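For reference, the chains in residue letters:
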Amino acid sequence: MNLDTNQINHIRKKVLSNKVSCIKVGMATCGIAAGAQEIYDFLIEAVKKSKVDVEVRKCGCIGACYIEPIVEVKIQGLKPVTYSKVDIEAIKKIFEKHVLGKKVVTDYLIDEEGSSKQVRRVLRNCGIIDPESIDDYIGSDGYQGLIKALKSKPEDIIETLKISGLRGRGGGGFPTWMKWNFAKNISAEEKYIICNGDEGDPGAYMDRSILEGDPHAVLEGMVIGGYAIGARKGFLYIRAEYPLAVERIQKAIEQAHDYGLLGDNILDKGFNFDLEVRLGAGAFVCGEETALIASIEGKRGYPRPRPPYPSVKGLWDKPTVINNVETLANIPAIFDKGGKWFASLGSPQSKGTKVFALTGKVKRSGLIEVPMGITLQEVVFDIGGGVLNDKKIKAVQTGGPSGGVIPAQFLDTPLDYESLQNLGSIMGSGGMIVMDEDDCMVDIAKFYMRFCVDESCGKCAPCRIGTYQMLEYLKKISRGQATEDDIEKLQDICVAVQKAALCGLGQTAPNPTLSTLKYFNQEYLEHVKDRKCRAGKCARLLTYHIIPKTCKKCGACFHVCPVKAISGNKNEGYIIDNNKCIRCGKCYDTCRFNAIERK
Amino acid sequence: MKNENKVNTEVKIKNLIEKWRGIEGNLIMILHTIQNEYGYIPRQVSFELQKLLDIPLARIYEVITFYNYFKLDKPGKYIISLCMGTACYLKGAPRILNELKKVLDVEESETTADGIFHLEVVRCLGCCGLAPVLMINGKVFGKLKPEDIKALIEDYRKR
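Chains as they are written, first to last, in our numbering: chain A, 1 to 599; chain B, 1001 to 1159.
Just so you know, these hints were derived from the structure itself, not from any lab.
Since the structure is predicted, the reported quantities are computational estimates derived from the model, not experimental observations.
Do not take every clue at face value.
To be verified - Only pairs whose alpha carbons sit at most 20 Å apart, straight line, appear in this in silico SDA-like list of lysine to any residue:
id : chain 1 : residue 1 : chain 2 : residue 2
1  : B       : 1139      : A       : 417
2  : A       : 233       : A       : 263
3  : B       : 1019      : A       : 277
What the hints assert, rightly or not - Distance ranges between label pairs, derived from CB positions:
id : chain 1 : residue 1 : chain 2 : residue 2 : range
4  : B       : 1037      : A       : 378       : 44 to 54 Å
5  : B       : 1021      : A       : 540       : 52 to 62 Å
6  : A       : 117       : B       : 1102      : 43 to 53 Å
7  : A       : 178       : B       : 1150      : 53 to 63 Å
8  : B       : 1150      : A       : 559       : 17 to 27 Å
9  : A       : 483       : B       : 1137      : 46 to 56 Å
10 : B       : 1037      : A       : 17        : 43 to 53 Å
11 : A       : 100       : B       : 1156      : 47 to 57 Å
Quick reminder that beta carbons are idealized off the backbone N, C-alpha and C, glycines included.
All chains, full assembly: derive it from the sequences and hints.
The following block contains the structure:
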């Protein structure tokens, strides 16, 4: 059944006028992990038993991960209420009092703090609509952008995109209109558009939440893109580690087919376009566009030199546009509301909003969406509620293994592509990790470098060998075996790899190390000169002591010590001889009573 | 695998990959299908694929060994995936890993002697708000403390 514009609008009106009472349960991966399934099952059962006229629905993630599971109750005649940290006891109470008794339960009300500085454009539907219902999406202005876009010529679409100033949300920040324009201007029998959903950056899950919470928005963005560049086929490349996202996007594709929003003669405009899902298989390098293309072609995910860029020679050597999930999710609203509307938010060079996964040592961790140009200070303190346990903030890491560490003195930096780049970091896909005084910067650099060593594909020598050598130096420093000379050598390798590596992964791999070297040089020197780790993270630089008061004299540490540095017996207790101790930390890890301290 | 006779395997694999036959770039999707079915990619199946798809065995193995997701050995009944993403790392995942190694008496990427548990360290499960997290056969457990591990494992061992 191919629907036309009128029929879509008819569905929209029908959904909007639907005023039944409903209860929505946030059921993205994070919600389910926090116990949302149990809540959902209970509600289905309870509604059936009590025969009330209430619909129980699933929805995506509203972003407040720190207070999951989240339930929204909308009873006719009452204001909608959102409850947080809902466990089974809570939901019983809520069902009893609110759903049946029409009285709000005040104990579990969500605290709205931190939402005032956020602007939800990409996440507008996440946690609001049922991601498994196309009607729900249409009801919240879904596919209106496509309707408008298909009425205009491809050049006008590019023009609108140019006015909007949208730039790639995957990391680099390349203007989207330029990418599309390159591909559009090449005449070829076949062209492709690819959605890059290979979110491999540890500590980031924006794309997962969008795919799980609003899959149709990504689909709609791809259809518009396909029309603009003249592609008839698109691929969604999604991590296999995100099964729920894959399931929902597949369902969305089926639904769009049923409505004729994919397939032949879309919206009766004579445009044919289809989509296919391809799975990633756990290789970080496949986030790089040429490697991703190789992976879709069924090969090893090796990157290749550019140019030629994918917009000239991409998938199966055909012109190909690759956009990130968030970029594509931005597209529908641009065509529904106009390029100027989109550009009304943001800073001069970076328009619109950006979704971040705010995590680490922050009170309110979760998914946030803010206008570009907002400062880090506002994000961490006003939205995130400050540092966990009121400790002192040390730095914020953006861009994951490709990004850098921004020290606390630059918290007033506006969040846009250029400002972050000037500080030696990148916007990246949106991971934002808050670190406090207990985090050691050498340790962090080592963590990211190990990641890059594991993920280096091995094709080019600078990355394959360089990352390994950098890791060796970092290990040496963290063990207190390095000299100042080693720090210099480390820096040299960083610069060399940055210049010589073949692809983005290698070129950016030194960033976390370089930025910590730049801003926390003192800390590196302490490791080298004083053999000290001020954060107490580098095990080899600490001394271990048994606290007699907490010690239960069990003897576990005594038995585990590989060099017999612990002496004593079960009656008198134990003591560590720091002259014999090799600082392996085994006793510390073994003790069940936290009776061993290290400083 | 051993008990299944050869003809059966051939037919089974033929059916499994039918959907992807003749589609360009299908190898990775076919391997996903196989792994979904068997939990890993048995050598015997790779031999069959070589014939069915008419490609060299080396082509199949170069892809399997490149991607972390594909396994060549049969994993345990329960796969424990401990997240080592940045947020989990900062919030104590290394201590959880130590505890898991101790309780299970295995190293990373190893299966317990009784074949029940397989311990692996993964990149990011995308549940950073609940860090540190681990996943056992698709079910996610969040906000873990080292002292929770023993009970959790015992609970699964009893099943």
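Now for the hints, and whether the structure bears them out:
For a cut-off of 20 Å, the pair hint linking residue 1139 of chain B to residue 417 of chain A is broken: about 37 Å separates their Cα positions. At roughly 10 Å between alpha-carbon atoms, residue 233 of chain A and residue 263 of chain A fall within 20 Å of each other, so this suggested pair holds. Simply put, residue 1019 of chain B and residue 277 of chain A have alpha-carbon atoms about 13 Å apart, close enough for the 20 Å limit, and the pair holds. For the hinted restraint 44 to 54 Å between residue 1037 of chain B and residue 378 of chain A, the CB-CB distance of approximately 50 Å keeps it satisfied.
Residue 1021 of chain B and residue 540 of chain A have their C-beta atoms about 55 Å apart, which keeps the hinted 52 to 62 Å range intact. For residue 117 of chain A paired with residue 1102 of chain B, a C-beta distance near 44 Å keeps the hint of 43 to 53 Å intact. Range check, residue 178 of chain A to residue 1150 of chain B: about 56 Å between beta-carbon atoms, so the 53 to 63 Å window is met. The beta-carbon spacing between residue 1150 of chain B and residue 559 of chain A, approximately 18 Å, falls within the hinted interval of 17 to 27 Å.
The given range of 46 to 56 Å is respected by residue 483 of chain A and residue 1137 of chain B, whose C-beta atoms sit roughly 48 Å from each other. Judged by the Cβ atoms, the range 43 to 53 Å given for residue 1037 of chain B and residue 17 of chain A holds: they are separated by roughly 47 Å. Roughly 38 Å separates the CB atoms of residue 100 of chain A and residue 1156 of chain B, a value that falls outside the hinted 47 to 57 Å.
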